[in-house]
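Student: What follows is the residue order along each chain.
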Amino acid sequence: GAGVSQSPSNKVTEKGKDVELRCDPISGHTALYWYRQSLGQGLEFLIYFQGNSAPDKSGLPSDRFSAERTGGSVSTLTIQRTQQEDSAVYLCASSLAQSNEQFFGPGTRLTVL
Amino acid sequence: EDQVTQSPEALRLQEGESSSLNCSYTVSGLRGLFWYRQDPGKGPEFLFTLYSAGEEKEKERLKATLTKKESFLHITAPKPEDSATYLCAVQAVGNAGNMLTFGGGTRLMVKP
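Chain order of the listed sequences is A and B.
Just so we're aligned, residue 1 is where the first sequence starts under the numbering used here, counting upward by one.
Just so we're aligned, residue 1 is where the second sequence starts under the numbering used here, counting upward by one.
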């Protein structure tokens with residue numbers, strides 16, 4: 001496939017559990033972004049990767065959130081001790097270079113019960 | 001702080017009834033303004049990038065324009081398949097990661 005892929009598409013978890021969300025960017029795209037889309041909040045930036053490094057983590061809402069990227073490709077967003085307010089759609093985007101358009105994946109819908 | 005405001009929040013049109021969506025922005029320095037379309041249950045789909053005031057871009061029934069304070073997405077003779085949420089976002093100069101700041105979106109419904 002040519003687009004950004006994310007897995008799982010849906011995740012239901014219990015409060016307090018840890019979850020991992022995966023993003024596979026478009027091949028050759030060096031920049032990778034995570035966003036969160038909540039009802040009433042719109043799309044908000046979480047973290048940005050250039051290659052394997054994350055120079056901008058300013059959007060992570062708490063220290064329960066972390067992300068890594070290995071091999072300059074796949075990225076994993078981890079949420080520890082999930083809370084109900086973490087329920088949202090988590091979107092990943094990638095771009096060829098910093099100044100180019102970002103292309104989004106289909107998202108992971110996370111529901112914390 | 002960069003801010004993006006979209007209006008209206010929702011817009012109902014009859015098929016063929018042209019209209020415009022507004023995106024007002026405040027940014028320290030604009031690197032680019034982006035329009036996306038989002039269908040329910042899907043990720044945003046890229047439509048246009050505008051870089052400087054006076055610039056216009058067109059794609060099928062859509063035309064995006066840009067001034068120093070706002071952007072408009074004009075929809076000419078819309079069809080039901082144009083129904084979606086349209087998102088506007090800005091990228092600011094000096095932002096190391098070129099993150100996007102999004103507006104709340106306009107939900108467009110086109111009735112046949």
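One or more hints might be untrue.
Claimed, not checked - Keeping only pairs whose Cα atoms sit at most 27 Å apart, straight-line, the calculated DSS-like set for lysine-lysine is:
{"#": "1", "chain 1": "A", "residue 1": "K17", "chain 2": "B", "residue 2": "K42"}
{"#": "2", "chain 1": "A", "residue 1": "K15", "chain 2": "B", "residue 2": "K111"}
{"#": "3", "chain 1": "B", "residue 1": "K111", "chain 2": "B", "residue 2": "K79"}
{"#": "4", "chain 1": "B", "residue 1": "K111", "chain 2": "A", "residue 2": "K57"}
{"#": "5", "chain 1": "B", "residue 1": "K79", "chain 2": "A", "residue 2": "K11"}
Stated by the list, open to error - Per label pair, the in silico range of CB-to-CB distance:
{"#": "6", "chain 1": "A", "residue 1": "V12", "chain 2": "B", "residue 2": "Y51", "range": "37 to 45 Å"}
{"#": "7", "chain 1": "A", "residue 1": "E101", "chain 2": "B", "residue 2": "P80", "range": "23 to 31 Å"}
{"#": "8", "chain 1": "A", "residue 1": "E85", "chain 2": "B", "residue 2": "E15", "range": "35 to 43 Å"}
{"#": "9", "chain 1": "A", "residue 1": "R81", "chain 2": "B", "residue 2": "K63", "range": "27 to 35 Å"}
{"#": "10", "chain 1": "B", "residue 1": "S24", "chain 2": "A", "residue 2": "T111", "range": "30 to 38 Å"}
{"#": "11", "chain 1": "B", "residue 1": "K63", "chain 2": "A", "residue 2": "G16", "range": "43 to 51 Å"}
{"#": "12", "chain 1": "A", "residue 1": "S38", "chain 2": "B", "residue 2": "S83", "range": "17 to 25 Å"}
{"#": "13", "chain 1": "B", "residue 1": "Y51", "chain 2": "A", "residue 2": "T111", "range": "37 to 45 Å"}
{"#": "14", "chain 1": "A", "residue 1": "G3", "chain 2": "B", "residue 2": "S52", "range": "40 to 48 Å"}
{"#": "15", "chain 1": "A", "residue 1": "T111", "chain 2": "B", "residue 2": "P8", "range": "42 to 50 Å"}
{"#": "16", "chain 1": "B", "residue 1": "R31", "chain 2": "A", "residue 2": "S9", "range": "26 to 34 Å"}
{"#": "17", "chain 1": "A", "residue 1": "A2", "chain 2": "B", "residue 2": "S83", "range": "35 to 43 Å"}
{"#": "18", "chain 1": "A", "residue 1": "T13", "chain 2": "B", "residue 2": "Q14", "range": "41 to 49 Å"}
{"#": "19", "chain 1": "B", "residue 1": "H74", "chain 2": "A", "residue 2": "S5", "range": "29 to 37 Å"}
Keep in mind the hints are simulated off the structure, nothing from the lab.
For glycine and all other residues, C-beta sits at the position ideal for the given N, C-alpha and C.
Student: Next, verify each hint and record whether it holds.
Tutor: Right, here's what the structure says about each hint:
1. K17/A / K42/B: Measuring from Cα to Cα gives roughly 26 Å; hence the hint holds.
2. K15/A / K111/B: 41 Å, violated
3. K111/B / K79/B: Within the cut-off at roughly 8 Å; holds.
4. K111/B / K57/A: 42 Å, violated
5. K79/B / K11/A: Answer violated: K79/B to K11/A is near 34 Å, above 27 Å.
6. V12/A / Y51/B: 37 to 45 Å: 42 Å Cβ-Cβ, so the 37 to 45 Å window holds.
7. E101/A / P80/B: 23 to 31 Å: 27 Å, holds
8. E85/A / E15/B: 35 to 43 Å: 40 Å, holds
9. R81/A / K63/B: 27 to 35 Å: This hint is violated: roughly 47 Å between Cβ atoms.
10. S24/B / T111/A: 30 to 38 Å: 33 Å, holds
11. K63/B / G16/A: 43 to 51 Å: 50 Å, holds
12. S38/A / S83/B: 17 to 25 Å: At roughly 22 Å between Cβ atoms, S83/B and S38/A fall inside 17 to 25 Å, so the hint holds.
13. Y51/B / T111/A: 37 to 45 Å: Roughly 39 Å apart at Cβ, these two residues keep to the hinted range, so it holds.
14. G3/A / S52/B: 40 to 48 Å: Violated, at about 29 Å.
15. T111/A / P8/B: 42 to 50 Å: Given range 42 to 50 Å: violated, Cβ gap about 30 Å.
16. R31/B / S9/A: 26 to 34 Å: Hint holds: Cβ distance 32 Å, inside 26 to 34 Å.
17. A2/A / S83/B: 35 to 43 Å: At 25 Å between Cβs, range violated.
18. T13/A / Q14/B: 41 to 49 Å: 43 Å, holds
19. H74/B / S5/A: 29 to 37 Å: Given range 29 to 37 Å: holds, Cβ gap about 33 Å.
Comparing the model with each earlier hint shows violations of hints 2, 4, 5, 9, 14, 15, 17; every other hint is respected.
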